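Please arrange chain A on chain W, whose structure you already have, making use of the hints.
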Amino acid sequence: MTDAAPGAPAPSALLVLDKAAKSFGAVKALVDGSITLYPGEAHALLGENGAGKSTLVKILAGVHQLDGGVLTIDGEPVTLSGPAASRAAGVSIIYQEPTLFPDLTVAENIFMGRQPIGRGRRIDKGAMVRAAREVFARLGVELNPGRLARGLSVADQQIVEIAKAISFNAHVIVMDEPTAALTSVEVARLFDVVRTLRAQGSAVLFITHRLEEAFAICQRVTIMRDGAFVRTAPIDEVTVDSIIRSMVGRDLDQLFPKTVTAPGEVVLEVSRLTREGVFTDVSFTVRRGEIVALAGLVGAGRSEVARAIFGIDRRDAGQVLVHGRALPNGSPKAAMAVGVALVPEDRRQQGLVMALAIDQNVSLASLSSLEKFGLIRRASERALAAEWAVKLQLRYSRLRNSASTLSGGNQQKLVLGKWLARHPSVLLIDEPTRGIDVGTKAEVHRLLDQLVADGVAVLMISSELPEVLGMADRVLVLREGRLVAELSRSEADEATIMRAATGQTVGSAA
Amino acid sequence: MTAMSTAPRAAMKIGRAESLLRVRELGIGIAIVIVFGLTTLKNPAFAHALSVQQLLTGASLIALLAVGETLVIITRNVDLSVGSVLGFSAYIVGDVFVHHPHTPPIVGFMVGIVVGAVFGAINGLITTFMRVPSLVVTLATLYIIRGLDAMVVNGKQIDPSSVPKAFQIVGNRTIFGVPWLAIIVAVVVAITGYAMRSFRASRDIYAIGSNPEAAALAGVPIGKRVFTAFLISGSLAGLAGALFLSEVATVDATGGTGYELLVVAAVVVGGVAIFGGSGTVLGAALGALLLNTINQSLGALKLSSFWDQAVAGGLLLAAIAFDRGLGLRIAKRMKSARGEHRVV
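The listed protein sequences derive, respectively, from chains W and A.
Heads up: the first sequence begins at 1 in my numbering, then just goes up one per residue.
Heads up: the second sequence begins at 1 in my numbering, then just goes up one per residue.
Quick caveat, the hints were computed from the structure, so don't treat them as lab data.
Just so it is clear, the structure is predicted and the values come from calculations on it, not from any experiment.
Treat the hints with caution; some may be incorrect.
[As the list claims (entries may be wrong)] Part of the chain A face toward chain W, derived, beta carbon under 10 Å:
(1) Ser202
(2) Tyr206
(3) Ala218
(4) Gly223
(5) Ala273
(6) Ile274
(7) Ser278
Idealized CB from N, CA, C, for every residue including glycine.
Looking at chain W on its own, in the form it has when it is part of the complex:
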């Protein structure tokens, strides 16, 4: 491989950020942001939430200006006064959730404001589409430039953003958690694109929470903690353990603090649950003190099963029994009344009311127990929230600040707290740790473990196999809406689950 990066002399660096500092009021977001990018390398930037990665990205994007430190691009010191200056300097940022124009075509999205024009300053659509095709060909992906951006998957949207970057001749491409919402197939394709970019001499700065991805695609890693540079190292000189130690500044004794307990009686029983065209004939039980993981491909119907159990979606056939009593169809209220709680996947959209205060979010699902004469008592609401904030080790400044002021990991803890405040006996939890940092992840896992020890029955949907293997007592695998495997904790391993989920021998995804 063309690993120009490790140990190469500094003069060839594409971009050098040295001792960057940035404060917002009294908060020092970045005290020593340092990173060096060489042509042809994929460079992982790792750190917990709040380590200063986002601030560093925003500095490269020209969104924030440096308070101190020097940014050098192509050997020249530069000041990025805004996004336009950053783009002109050859830096392009691919955000986790790209912002495209849904009503315009893919080609128009790529060339917005720079459309090739022909006679009479009219947009030359033919030339624009050809140019878009050329860019896609250079990236080695197939995408129809003429289709509307509306309905593109997140992965395709990122490809459009990358195509836009290429068409700007960007040679430093920053990808901010690009894989958080991607499936393995899409991740594999993104990695191919990253390799293509490297081969063309670009530098890719890759920010991720998934350490295995750093090992899969990057040549070097830079680790940050508390707004400061910790170290940069070639990828083959670090291990998962050493990275985590650098990130959190201490040893995480265990990522998955699983206590194996003897499960009690059946709490949740699902029998022959069917929703036309989504899932068919799904039967299983979850017992007291047990975590059952629902694994499978995205689109296999896992979240839909949880929604049908909770009653958000109606079921077409089958039964849901909680403590032996049948739940009425399509009634979340009835499900809540018998102690079922659902923590949804998309916490921003479905889990929290972002504009409401933190304490109001905690109490949202427990209002009936806080009411007196139909009025909500603010004091008891505050007390409930304070209690859970401690239990969850929530990091916040004030309980009456809005939920949007919390970091992603703390938002997830808040969603959990909102449902745990009801003391549920059945917890349905969808992707409990998506997009949150390693430290918070471990806290969420410890919390789940605690719940199970207290006798809650947990049905956990997760796309992260290490999480499934680490936390579950039993693993159910869904494929195309059907339950295809039930594995005990000892039987379950990555290969078995993937084989069941794909219905074939496992390929080498990612």
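Below, chain A without anything else, positioned relative to chain W:
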């Protein structure tokens, strides 16, 4: 020949997005024909040339306002002041003729456009510079301009005798059987429609409505474009005011009252997304024609005018439901077209 065979296929793919939009205009066209046909079956006089001319002239002013409104709505804004601007402009043009009876007609139209442009610029400036939602800004100017109108008019009115006959030609005569009014509107629709398809600036307008944050990131001059949309909307409302005077030759302080909602209805029925990002001026103009055709056909069928408003409301709901359904269907189809089950 082999080279030829690949090119049209590429063109077809590109056309798909647009053809979806075109189908919408075709749909409105068909609706107009159906309403017209059914009414004619019941009352053959409806197909009389005079009646058709009335259909066109009756829809003209609303269609003209709808063109400007379309630009504004595509940027995710709205201009509610168009009715008031029309009324004010009509009175000012009339006042010019009262004080200077020998003013050439063309100057009358210019005055109307300038008056409208001033108000359009005010709406645009407040919306873009002071970042006040345009719904509020233009709701305010709707009342303010109407108030100004009342002050200026001061209980008087423009009489047909003070409006020069030459100026009235445009509002009342036909050329080869086609009303002048309809021709003017058709020309404006053609020019604006062409411009909206062809230029970078017009793509910017769609981009702003489609995703304002992304537009800002892409370096689209949002303020400038939104301002331009309001300026054009105001100017066309001013022109419509002059045409209004030319047509009816008399105006008091109430000219154009309530037009703004007719215009918004026409735009939405015409397939322009109320939250911006998509739609065409042709669709909006046809929407105005459809609403007017229904209005007149109810008259021809001797049905109560209550039905007119009820039908207009029903059409609005149908148009929005149609868009919503279409959007969901497209999203679903695209999902299933991807088809593949993805790996965890």
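Consistency of the hints with the structure:
no., hint, result
1, Ser202, "holds, 9 Å"
2, Tyr206, "holds, 6 Å"
3, Ala218, "holds, 4 Å"
4, Gly223, "violated, 15 Å"
5, Ala273, "holds, 7 Å"
6, Ile274, "violated, 13 Å"
7, Ser278, "holds, 4 Å"
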